[in-house]
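Sequence lines, in order, name chains A and B.
Take the first sequence: its position 79, counted from the start at 1, is 79 in this note's numbering, and no numbers get skipped.
Counting from 1 along the second sequence, just add 1000 to a position and that's the residue number in this note's numbering.
Hints should not be assumed to be uniformly reliable.
[Claimed, not checked] A few chain A residues that face chain B, going by a derived Cβ cut-off under 8 Å, partial list only:
hint, residue
1, I40
2, S53
3, G55
4, A69
5, F79
To be clear, the hints were calculated from the coordinates, so they are not data collected in a lab.
Positions of the beta carbon are idealized from the N, C-alpha and C atoms, including for glycine.
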Amino acid sequence: MSASGRTELLRTIYGLDPAQSGEVRVAGRRLPPARPDLAIRAGLGFAPEERKSEGLWLDWSLIRNTTIADLRRFRRGPFTDRASERREASRHLRSLNTRPDAPERPARQFSGGNQQKAVLARWLLRSCKVLLLDEPTRGVDVGARSEIYRVIAELAANGIGIVMVSSELAELLGFCHRVLVLREGHIVDELDGATSTEEDILRSAVPVHSTTKAG
Amino acid sequence: MAVDTSTINTKARLRQLPVQELVLPIVIIALIIVGVIIRPGVFLTSDNLLNVLTQASITGTIAIGMTFVIATGGIDLSVGSVLAAASIAGGLLTPYGSWIFMLGALGMALLLGAINGLAITWGKVVPFIATLAMLTIARGLALWMSEKTPISLIELNILQWFGSGRVLGIPVPALVFVIVAIIGWVLLNRTTFGRHTLAVGGNRSAARIAGIRPNRIVFAVYVLTGFCVGISAILLSGRLASASPVVGNLVELDAIAAVVIGGTALTGGKASVTGTFFGVITFGLIFNLLNLLNMPTEIQGIVKGALILVAVALQRRD
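Let the sequences and hints guide you as you build the complete structure.
This is the structure we're talking about:
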């Protein structure tokens, strides 16, 4: 459910918001709080819900949007090797079937789904190990949704851990091994994605008194 | 299909080209033509043109640093005062020779730039206020350290070479300005630091999510501007053969004007060192023409202000 603290949880794991308690460990190593740069170095990646305002530079080419988290890779001496930057970014964008295949164009000119692919390509290029996705299909039209699903499934099949926040219950059940239900910032239930139904999720997510009222 | 994509690409690339980088050279050529028409025999002499470049180099060197500050969406109003404080800091070290003068001037400018950077990042003071405070602090510092009297640098021959020497007929300050501009261009367009600067100015939260530490970049651009001011202090003191606590008044306006007219967005995220370079030359030529026409300095102030207004208004239109 929205306003249950899902987005806040992802942002806290990533080091964007301060934690009230607890700690984040990646492969056993503790992440210092409020340091997204170190979370990235530890292998995390994040695709925020507010894609346009927090995920992208709309005036920048798709190439630049794709390479921004890993420019060091293209360093040749003190300079950025722009030919290999373009080559690598295009390769990843193409592997996600980004349309149109014109990565020089500014991100603004692409559809929501293709913008999301650029954000995913950014973390592929950075070879992240755990990807945090906040509402990955928000603002993506129905046709492009299945493409995004395919990409996420491929990433998971390649051994990348996916932590996804979504309001689309079918999306969660279709993808996830485990579904955690949050209410007012606390995890209230853990469900098996393969055997649970949408009703199971709703039953955990909605406070008991309102269910009794409805019943 | 392949042909289609390539034409789209060229169009996209053309659209990405800042207007100013195309327009300013035309304006500069037009100004030169005007100069030739109104003052034939005076304007188009190598002496006059080199003089324009030398005059412009003091402000121009600062404007290159200012381009980075404005690229992050910030502003540095303190550059004129820091220019004076740096000159005086060097001037107090006169007995130790030219090189120590330069170290002193650069050191003071870097220090004050770093304080600007800290006030803005760690202190969370908005750039406008932080550097406005530094504007009066640095001027006070310059007047206090010098006891309000200029310091003669007539003994410092190497320093004076930096201010008024020539290499193959080209004034050293002009040469230094061009070198600083080239380094600035490479830094902005061909390094990770430059890309991160634009990233922070264009979308700070996205930059943070992409693993950039915005405060580091912001701190660095104010230090970088301090460094440019330090170089400018060396050129200016060398040219005047004296360090004065009252130099640099309103230099911040000249620098900001050149940056803005060069197409760098005051909102951050979009910057052009080439544009700044042409902007500096454009202003240099305009004031040279006004001088040759014996226009009083008041008129020059009015012209400068009007040009800034027009430049910013045109920027808003994109």
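Hints versus structure:
no.	hint	in the structure
1	I40	holds (4 Å)
2	S53	holds (7 Å)
3	G55	holds (6 Å)
4	A69	holds (4 Å)
5	F79	holds (5 Å)
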